[in-house]
Every structure is written in structure tokens, then in C-alpha cells.
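Asker: Each chain is listed here by its residues.
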Amino acid sequence: MSEHRLKKSLGRAFGAAPSPARRAARWLDRNLGGSSILREELRHIFPDSWAFFLGEIALYCFIVLVVTGIFLALFFHASQAIVVYHGSYHPLAGVPMSDAYSSVLDLSWNVRAGLLIRQVHHWAALVFVAALIIHLMRMFFTGAYRRPRRINWLIGLSLLLLVGFNGLMGYSLPDDLLSGTGLRIAFSITESIPFIGPTMASVLFGGEFPTTGIIARIYPVHIFLLPAAIAGLLGAHLGLLWLQRHTEFPGPGRDDRTMVGSPMVPQYALRTTGYFLLLAGVLTAFGALLQINPVWLYGPFRATDATTSAQPDWYMGWLEGAVRMFPGWDIQIGGFLLPAIFWPAVVLPGLIFTPLFLWPWLDWLAMRDNRFVNVLQFPSQRPGRMAVGAGFFTFLTVLLVGGGDDVFAKAFGWSLPVLLRTLQVLVIVLPPLVAALTYAIARRRSVRWLVS
Amino acid sequence: MSADPRQTGGPAGPAGRGPRGPGWIPTWPATVGLLITLAGAIGFAVSFVRDASTQWLGGFLAAALLGIGLALAYWGRDLAGDEVISGPYPVPHEDAESRAALGDALDQSVQVITRRHFLTKMLVFAGGVFALSQVVLLGALGPRPKNSLRTTSWRAGSRIVTFDGAPVTRDTLAAGTFLVAFPEGHTDSADSQITLLRIGGDPQFKTLAGRESWSPEGYVAYSRVCTHAGCPVAQYEDQAKVLVCPCHQSTFDLMNGAQPVAGPAGRPLPQLPLAIDAQGNLTAQSDFTLPIGPGFWNEG
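Protein chains in written order, with my numbering: chain V, 17 to 468; chain X, 10 to 309.
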């Protein structure tokens, strides 16, 4: 008798056995209650669009980062005590270095799967920020930030700031030459702030750079403080999304009061679990095949060493570009000095993020539109917004290119001073130009859109 | 508030079952995906045990994840049937009555506190002072900078040594060459590093007013900490006689007081006044006369 038949006949004899899912639900209901809520939420609607996957990529990167990060934390030593290296990477044999750097070398060369996990962790961080930014652009250009999702826009932006900052903390930890150079620049930027700068830098770093306790100080921030804040904000972000439901693109049967999409169980749950595993697979393939941050090539940090073609991780590139491109306008005021780096490194990020945070309310003021909306707009439906966004991201892109000006100059055989001057002109001229062009094109499209 | 999405059901039965008819969806892609996962999982474990390279290890792990991911995504997209349902969005209630009731309740509870005018003010005041008092904890994190940003380890008479501690004498450098140097006993001092070069009798070299005695026998020393963001100004360009910072490409003219000539730096590299003692060793006349490195607020 086959197993199938056996089950069937047993079922007839003793009454149909409940499925495991049924039993689990019954157990939950007995112990927690709320089966009616669960019954409703099983049919929670998720509108379908590739564009809604962007936020999920970010979320899944976070999960990959936590899992790989726990593995790395088991091997990393947050100590700048000097040790002499005797590990498997022979070119550095006998070199005095910090315990932190030495532990990263051991992790990469002597711990099985260590290098793989480290590279997956780094790739996940790079993709995380990219997904957040593209997600943000999608929200911006489709008007998803309008009432009732203004608060969630703020939470999302805060997440972007925290994630970017935690990435910076993360690549500062290995205490290699590149990461130490980044910390050196961070100290200099802090010093430049009027009135409080020097004291603030000393308080943050525990003295004048280079200090021997900075890695131990960054470590709990990177693995506990910021991840906890990110997890909390992610929870709030998803909680609001759950309560308010997802937005949807215009389509038949859809309006601000009615949503159309897949039910959470089984279609959406199957799909999104599949996408999570696919993303984890892609990140693992990156970690396996594409080298990232080979710290052993940079050598240990020493305050008297510097490396050419020093670049931060890509999401800090706009800031690096701004710092390179801003002219050396140091200002003496009485007995005080306002260093030029204050403008691109402190003021500019404020100028970029403040309007972003205020955007939903600026939009409300400009459009005098406070309706409760759930249906998204197509980008060209709002030529003005599209122009502002295109100009804004053009500005950031030119800065990003500026962050690698020495690499581009070398690769293409250009003169660096000429390239720098060109970029300084482009960063001012190009954004309004792109904005105007975008406006003209979107305007024509939106007219056509209205006619048809 | 509670949306009931089960108003309009989509097509009921999942596709992919039954005999091959119109709309039949093959299950083999999911099967292949799960087979890849099986192979990948085994490959991963074997390559871990055999201590294989990162590429094998990660390749198998990636294959395992991609296989099952593919299977589930296909299952959810194609096999489960594209059941489309619709339902209402939650809409905020404009319930004036309960809002007013909430307002009344709040007013009442708040009044319990606010009717004690003096106590309320004291509460705010004491709470504020308490919060402010906690700022002193920041003092535990680092010392106040005082003079440390203005001074280095150079003193009058400090002998100049190389990275390994060897003293620099009047014969160490030939004209047109340079080296990195430190004050004796402070070869680990980040803010004291200098670029020491011998310009010899180069006619291009401009001695700045007030610095006539700073460059004996053609030796000149500049701080090696960039005045822009603090990186070591480590690149020397022989043709142009400039120092270039590798971080942001600030460029300093060695023939003219290390003035910035390109890039984002705004101030020259401070010059160290040099002397040569009776034994022929190079020494410093004093510490730098200007703060070295990147600018800070009370530097001026």
C-alpha cells in the first residue's frame, strides 16, 4: 500500500488529521488569541510592481548584514594594541600593526569562510545604500511621500542617514591605511566647525588624532548602537506600511479608496521569500567572485603613510567630491578661522538633507494639496517636481564624479587641474540645465498624457 | 479601520494542476531550482570541510541560495496562480464626537498637573537643569584640546632624525633630494612629521621675508600634514617642485613657501626654522611658528 493511500485510509478511520498549519494556528490562538486578525492579515493586499521591490532589497540587505556581521564580530578584535603579525599573509610577516588590523587579516586568511563572509558583508552594505537611494528616488518621482505617508518619508530618510553613517563606521574598523585616512579626514572636518569644533573632535575621538582608543569606540556604535536604531526605524517604517497599506500605480479598479493586488498568503509570501533568497544568492556570488576592500594590500594604518587613489565607499563619494572641488577659501574673522572644508563637508550635507526632509511639506505648500492619497503619480505628471529631482540628482552625480577625479584623470590621461576646473563649472551649470531640459520634455509628455 | 480584502476573490483554483490543457504551467523550473539548492548545499559543506577557496565556497553557497530563491519566486509568481484581489484602503475617520471626547479627557488629566502653577514651572525648570547637567558626561570622552592643536613635538634644538631614528647631518642630502623626518625621540609623532629637502642653490627658490635664517645650507623643512584635511602630503613631483596630497590633490609650491597652487587647500604648509649645530647635525630653531595641519576655529 502506498503512503498516500495509507494516509487516506487512516484519515477515513480517525477523521481528517488537521494540517500542520492548522495546528500551528490553533496553538497560536489558544496561547495568544487574535485568530480573527490573523485571518484578515493572511489576505493583506500587496499591489504588484517591480518598483515596490526596491525597499525590499534594502530590508533584505539589512538581514544579510546582521547575519554576516554576527559571524565577523566573533573574530574581530577592537583593539589598537600593537602586535607583530605572524599569520598566513606573508608579505606582512613581522610587521607591527594594531590588533584590530591583525584580526581582520586572520579573519580573511586563516578563518575558513571568513573572507567570503567579510566580502558578502561589505557588498551587502554597498547594495543596501544603493537600494535605499533608488527607493527614495522612486518615492520622490511618484509622489509617494504625500499624505498620509509624510512621517514614513521622514523615517526613510533617517534610515538613509543612519545606514550611510554606519557604513562609514564599518569600513573604519579594520584600521588599515585607507580606513585610518578616512578617520583622519573625519577628525579634520569636525575640527572645522565654528566654536565647538576642536572640543567636539577631541570628545568624539578621545583626544587629538591619531588616538589609540578610536577603534574600540567605533565598534559598539557600528555593531550595536546604530544597528539597533536602524532596526527600530525599520520596524516603524514597516509597521506604518502595514497599517496604511502600500500605494499603487493607477489602473483599472484602483483609486485612493480601493487597492488591487496579490494576497499576502500564499502568492506574495512565496514571491518575496524567493526574492530574499535570490538577493542573498547574488550578494554571496559577489562576495565569492568580486574582491572588495582587500585591506592586506593597503597595509596597517600609520599616521605618516598615505595611499594614492584613496577613495571612500561609493555612497560617500559625493561628499569626497565636494571636499575636493570646493576652493580653499579659508576665512579669518578677527582671531578666528573658518576653514574652507567646513562649507562642503558640514554645510553642504545640511543643505542637501534639509530640503529632502521638508519635501512633503514643501510639496503641500506648493500644490495646496492635502488630500489623502493612495494612488501614485507618473513622474511626468508633475514636470516641476521631475525637473527639481533631475537637477538635484545631477548635482549629486557631478559631485560623485569629482570624488574620483584623480582616478578618472589617470585612466583617461586628462590633466587633473583642468578636469577639476571643468567639474567645478559643471556642478553649477549642469543641474539647472538638466532641470530645464527635463521640464520641457516632461511638459510635452504630460500634455500628451492629458490629451490621450 | 479594518479592511476586509476578501470581498472580490480572484480565480479560485491554483493553476498548474491537472492534465496539460490551456493555461498549464510547468513545474520543472521549481524542481530544477531545488535540485540546484541540493547540489549547492552539499558542495558548500564539502568545500568547507576540504578548505577550498573562497570562490568555490561562495559559489556553492550562492548556487544553493539562488536555486531555492528561484523555485520560490517561480512558485509565487507562476504556479500559485495570479490571484488578484481588491479591497478598501483604511481611511481615517472624521469622527468629531469621539475627537471632542478625547480632547475633554486629555484636558481633564492635564489640568491635574497644570493647575499647580508653581509646581509645573518647577517641574519644567528642574527637568531642564537635570537634562543639561548630564552634558558634563561628555567630558569623560576626551580632554579639552587646550594647546595641543597648536603645538608639536618640535623644540628649540630638537635634532632631526629619519623614520628609523638616524640623525640627519649637513651631508645627508644632495641638492634636489628630500626625505621624511621627525624630531629625535618622536618618530611616531603624527603632527611633527616634516618634508626635509635640500634645494641647494636653486635660483627659483624664494626666501620669504622674516625666514632668511630658516634654511641653512639650502635645507628647507615643511610640515607634512596637509592644511586641508590633514593627510600626509606624501607625493613629490620633481619636475614642478611641488608636494601633492594624495587625499584631495592639494598642491604646494616648494619653491615659494609651500603656498597652495592647486586643489582645495587654502593655506601654505608651515615652515620649520632649521639650524645646524656644532656637530653638523640638523636641528630645529623652535617649534613651528604657525599651527600645523587642517584649520580649526580658534586657530586664527
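The hints are simulated quantities; they were obtained by calculation from the structure and are not laboratory data.
Values in this document were obtained by computation on a predicted structure and should not be read as measured data.
There could be a bad hint or two in this list.
Here are the simulated SDA-like pairs of lysine to any residue, each with C-alpha atoms no more than 20 Å apart in a straight line [as the list claims (entries may be wrong)]:
{"hint": "1", "chain 1": "X", "residue 1": "K250", "chain 2": "V", "residue 2": "G180"}
{"hint": "2", "chain 1": "V", "residue 1": "K426", "chain 2": "X", "residue 2": "P255"}
{"hint": "3", "chain 1": "X", "residue 1": "K215", "chain 2": "X", "residue 2": "A184"}
{"hint": "4", "chain 1": "X", "residue 1": "K155", "chain 2": "V", "residue 2": "G222"}
{"hint": "5", "chain 1": "X", "residue 1": "K250", "chain 2": "X", "residue 2": "N307"}
{"hint": "6", "chain 1": "V", "residue 1": "K426", "chain 2": "X", "residue 2": "S118"}
{"hint": "7", "chain 1": "X", "residue 1": "K215", "chain 2": "X", "residue 2": "P282"}
{"hint": "8", "chain 1": "X", "residue 1": "K155", "chain 2": "V", "residue 2": "P210"}
{"hint": "9", "chain 1": "X", "residue 1": "K155", "chain 2": "X", "residue 2": "G32"}
{"hint": "10", "chain 1": "X", "residue 1": "K155", "chain 2": "V", "residue 2": "I212"}
{"hint": "11", "chain 1": "X", "residue 1": "K250", "chain 2": "X", "residue 2": "F187"}
{"hint": "12", "chain 1": "V", "residue 1": "K426", "chain 2": "X", "residue 2": "F187"}
{"hint": "13", "chain 1": "X", "residue 1": "K250", "chain 2": "X", "residue 2": "M264"}
{"hint": "14", "chain 1": "X", "residue 1": "K250", "chain 2": "X", "residue 2": "I285"}
{"hint": "15", "chain 1": "V", "residue 1": "K426", "chain 2": "X", "residue 2": "A271"}
{"hint": "16", "chain 1": "X", "residue 1": "K250", "chain 2": "X", "residue 2": "G209"}
{"hint": "17", "chain 1": "X", "residue 1": "K250", "chain 2": "X", "residue 2": "Q294"}
{"hint": "18", "chain 1": "V", "residue 1": "K426", "chain 2": "X", "residue 2": "A184"}
{"hint": "19", "chain 1": "X", "residue 1": "K215", "chain 2": "X", "residue 2": "A249"}
{"hint": "20", "chain 1": "X", "residue 1": "K130", "chain 2": "X", "residue 2": "S118"}
{"hint": "21", "chain 1": "X", "residue 1": "K155", "chain 2": "V", "residue 2": "F352"}
{"hint": "22", "chain 1": "X", "residue 1": "K155", "chain 2": "V", "residue 2": "V219"}
{"hint": "23", "chain 1": "X", "residue 1": "K155", "chain 2": "V", "residue 2": "G351"}
{"hint": "24", "chain 1": "X", "residue 1": "K215", "chain 2": "X", "residue 2": "K250"}
{"hint": "25", "chain 1": "X", "residue 1": "K250", "chain 2": "X", "residue 2": "A183"}
{"hint": "26", "chain 1": "X", "residue 1": "K155", "chain 2": "V", "residue 2": "P226"}
{"hint": "27", "chain 1": "V", "residue 1": "K426", "chain 2": "V", "residue 2": "R437"}
{"hint": "28", "chain 1": "X", "residue 1": "K155", "chain 2": "V", "residue 2": "F211"}
{"hint": "29", "chain 1": "X", "residue 1": "K130", "chain 2": "X", "residue 2": "V119"}
{"hint": "30", "chain 1": "X", "residue 1": "K215", "chain 2": "X", "residue 2": "A271"}
{"hint": "31", "chain 1": "V", "residue 1": "K426", "chain 2": "X", "residue 2": "Q248"}
{"hint": "32", "chain 1": "X", "residue 1": "K155", "chain 2": "V", "residue 2": "L220"}
Asker: Hint by hint, note whether the structure agrees.
Answerer: Status of each hint after checking the structure:
1. Between X:K250 and V:G180 the CA atoms are separated by roughly 39 Å; this puts the pair beyond 20 Å, and the hint is violated.
2. For the given pair, V:K426 sits about 13 Å from X:P255 by alpha-carbon distance, which is consistent with the 20 Å threshold.
3. Taken as a hint, the X:K215 and X:A184 pair is honoured in the structure, with Cα atoms around 16 Å apart against an allowance of 20 Å.
4. Distance restraint check for X:K155 and V:G222: the Cα-Cα separation of roughly 14 Å lies within the 20 Å cut-off, and the hinted pair is therefore satisfied.
5. Pair hint X:K250 plus X:N307 does not hold up; C-alpha atoms about 32 Å apart against a cutoff of 20 Å.
6. At most 20 Å may separate the alpha-carbon atoms for a hinted pair to count; V:K426 and X:S118 exceed this at roughly 70 Å.
7. For the hint pairing X:K215 with X:P282, the CA-to-CA distance comes to about 15 Å; that is within 20 Å, so the pair holds.
8. As the CA atoms of X:K155 and V:P210 are separated by approximately 16 Å, the hinted pair is consistent with the 20 Å bound.
9. With a C-alpha separation of about 79 Å, the suggested pair X:K155 and X:G32 falls outside the 20 Å cut-off, and the hint is violated.
10. This hinted pair checks out: X:K155 and V:I212 have alpha carbons roughly 13 Å apart, not beyond 20 Å.
11. With a C-alpha separation of about 11 Å, the suggested pairing of X:K250 with X:F187 holds against the 20 Å cut-off.
12. With a CA separation close to 25 Å, the supplied pair V:K426 and X:F187 exceeds the 20 Å bound.
13. Note on X:K250 and X:M264: the hinted pairing holds, with a Cα-Cα distance of about 7 Å set against a maximum of 20 Å.
14. Taking the CA atoms of X:K250 and X:I285, the gap is near 24 Å; set against the 20 Å cutoff, the hint is violated.
15. For a cut-off of 20 Å, the pair hint linking V:K426 to X:A271 stands: about 17 Å separates their Cα positions.
16. Distance check on the hinted pair: X:K250 and X:G209 sit about 13 Å apart at the alpha-carbon level, within 20 Å; holds.
17. Taking the CA atoms of X:K250 and X:Q294, the gap is about 25 Å. The hint is violated against a cut of 20 Å.
18. In summary, the hint linking V:K426 to X:A184 is not supported, as the alpha carbons are separated by about 30 Å, beyond the 20 Å threshold.
19. Straight-line distance between C-alpha atoms of X:K215 and X:A249 comes to about 15 Å, which keeps the hinted pair within the 20 Å bound.
20. The suggested pairing of X:K130 with X:S118 holds, with an alpha-carbon distance near 17 Å, which does not exceed 20 Å.
21. Proximity of X:K155 to V:F352 is assessed by CA-CA distance (about 15 Å); at most 20 Å being required, the pair is judged to hold.
22. For the suggested pair X:K155 and V:V219, the alpha carbons sit about 12 Å apart, so the restraint of at most 20 Å is met.
23. Distance check on the hinted pair: X:K155 and V:G351 sit about 16 Å apart at the alpha-carbon level, within 20 Å; holds.
24. Between X:K215 and X:K250 the alpha-carbon distance is near 13 Å, which keeps this suggested pair within the 20 Å criterion.
25. Restraint check for X:K250 and X:A183: the C-alpha separation of about 15 Å stays at or below 20 Å, so the hint holds.
26. Of the supplied pair hints, the one linking X:K155 and V:P226 holds, its CA atoms being roughly 17 Å apart against a limit of 20 Å.
27. As the CA atoms of V:K426 and V:R437 are separated by approximately 16 Å, the hinted pair is consistent with the 20 Å bound.
28. Annotation: proposed proximity of X:K155 to V:F211 holds, straight-line Cα distance about 13 Å (limit 20 Å).
29. With a C-alpha separation of about 14 Å, the suggested pairing of X:K130 with X:V119 holds against the 20 Å cut-off.
30. Straight-line distance between C-alpha atoms of X:K215 and X:A271 comes to about 19 Å, which keeps the hinted pair within the 20 Å bound.
31. Restraint check for V:K426 and X:Q248: satisfied, since their Cα atoms lie roughly 18 Å apart, inside the 20 Å limit.
32. At most 20 Å may separate the alpha-carbon atoms for a hinted pair to count; X:K155 and V:L220 meet this at roughly 15 Å.
The structure does not agree with the numbered hints 1, 5, 6, 9, 12, 14, 17, 18 stated previously, though it agrees with the rest.
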